[in-house]
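Chains as they are written, first to last, in my numbering: chain P, 4 to 264; chain Y, 4 to 264.
A hint or two may mislead.
Since the list can't tell identical chains apart, any single copy or any two copies may satisfy a pair.
Unchecked claim - Keeping only pairs whose Cα atoms sit at most 27 Å apart, straight-line, the calculated BS3-like set for lysine-lysine is:
1. 236 / 179
2. 210 / 264
3. 64 / 75
4. 116 / 237
5. 8 / 179
6. 264 / 16
In short, the hints are calculated from the structure, not lab data.
Number of protein chains: 2
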Amino acid sequence: MEIIKSKDNKTIKYISKLIKSSKFRKEENSFVVEGVRMCEEALKNNAVIEYLVYSVSSFDKHTDIIKRLTDKAFSTYCVEDRIFCALSDTKTPQGVLCVVKTLDKQAHFDTIKKNGILLALDNIQDPTNLGTILRSADALGISGVILSSDCCDVYSPKVTRGSMGAIFRMPFYITKDLPAFIASFNEHGTSYACVLDDAATKISEVKFTAPVLSVIGNEGNGISFDVINACNKKLYIPMYNNAESLNAAVAASIIMWEMSK
Amino acid sequence: MEIIKSKDNKTIKYISKLIKSSKFRKEENSFVVEGVRMCEEALKNNAVIEYLVYSVSSFDKHTDIIKRLTDKAFSTYCVEDRIFCALSDTKTPQGVLCVVKTLDKQAHFDTIKKNGILLALDNIQDPTNLGTILRSADALGISGVILSSDCCDVYSPKVTRGSMGAIFRMPFYITKDLPAFIASFNEHGTSYACVLDDAATKISEVKFTAPVLSVIGNEGNGISFDVINACNKKLYIPMYNNAESLNAAVAASIIMWEMSK
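Just chain P, same shape as in the assembly (with noise of 0.2 Å):
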């Protein structure tokens, strides 16, 4: 196989695009995947791979899981060490990345079960966070997590980074109207939306059960007053020492811990 050398190569600069550029992960349906946990979580959740690239020294080290994504992959690109840094979205790359499809979002929409237990995030902007809530998500039990379009990129390096490989796992949905679909989930389940107004009910005090969903908010301003107004019912976590708010995610995890035990 020939190295690539140059980082004008044209699949390094179409990945590197990828790895940066929200807009253009959109268009083109595909997001990378870096280090070989993330990969090889790829290959057990049969995503589609269109890109497999390693650097030189990474075959050795790696070589089980080079193979068996080379196998998997359309195509594959083994490049220079330097090239292979400069890609990396990550200080000490291991060497081998997968340039993945994103999930045909009426089909991961398909597998959410819809009388299970729902977490709903409007306008979640730290990626940090959205993959640690995909994270406690999937290691929860939770059915299904329906993300706001206002959210952030699901498929940024950091969330799936974050997510432990639950990207892959965890069925999510994007959808432009949170309302309307709390609205129609409404027809056959409860919604909580969750705030922070100890008006509302103490989360402990809520017999939480399925079909069931709860909303969590933007980090600085909470839920949007449309989706508050679709939600059924409104709760709240106690806090102490006039603490203003838990971190999102945190939030997020003890309302699951919650929903689902």
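Fit chain Y to the given chain P structure using the hints.
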């Protein structure tokens, strides 16, 4: 007041070093908090403010807090905007920062209610996690947080910012010998090691009664052998989907939630 116009100014260099170097913070027993909110917390919680630094253009926007901080700070410096930007740890600085004395460890230890609900952290490495854990501990009414001395620096800008001011409100104590601390705690309370081992007791089956302490371990390796052995009991958070673990801040928050409710 004279306006500092050079980044080679002695005070500017001193503060820059405090922001960047954990070692220097330890030597000086001082740290830096930035932004209106954090400086307000320093004031509210009677922190010892050595220096106040604000940028020329921030004065009109934040006159009130700058005046109140000036009253409290030993020295106040006004600096050109570009100097503040170069100094700042954030992308869009508000133009206000304080150099604050670290909290005296023994005095802080004395503020911890040893008969309450404690969280111990064994070698937590990610400053974002540590900041979030302090924020959650504060919001969930935890009595105190014990840190092993190999945790990341609690006075780093990422931790203090992530704590949303909890660094000032939350009693915490750094110990060189966490197993000994736990052994001494066991004389009047019950200690739990949070492990990834489903042979341990499920957290939902534990009835927490104060004095109680739970330990959360390192992001990659969990709790060290000596610390697990020092604890009375082991508990685990049940997980689905073969997820290997929750994020450390999420796991800590779920445990604090269960201990405190």
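For each hint, the structure was consulted:
With identical chains, the CA atoms of residue 236 and residue 179 are at most 27 Å apart within one copy only, with a shortest distance of 22 Å there and 48 Å across copies. Within a single copy, residue 210 and residue 264 get their C-alpha atoms as close as 11 Å, and across copies as close as 15 Å, so both meet the 27 Å cut-off. In this assembly of identical chains, the alpha carbons of residue 64 and residue 75 lie at most 27 Å apart only when taken from the same copy (19 Å versus 57 Å across copies). Taking the closest pair of Cα atoms, residue 116 and residue 237 come within 27 Å of each other only inside a single copy of the chain (23 Å); across copies the shortest separation is 34 Å, beyond that limit.
Proximity of residue 8 and residue 179 under a CA criterion of 27 Å is satisfied in neither setting, with 42 Å inside one chain copy and 49 Å between copies. With identical chains, the CA atoms of residue 264 and residue 16 are never at most 27 Å apart, being 46 Å at best within one copy and 52 Å at best between copies.
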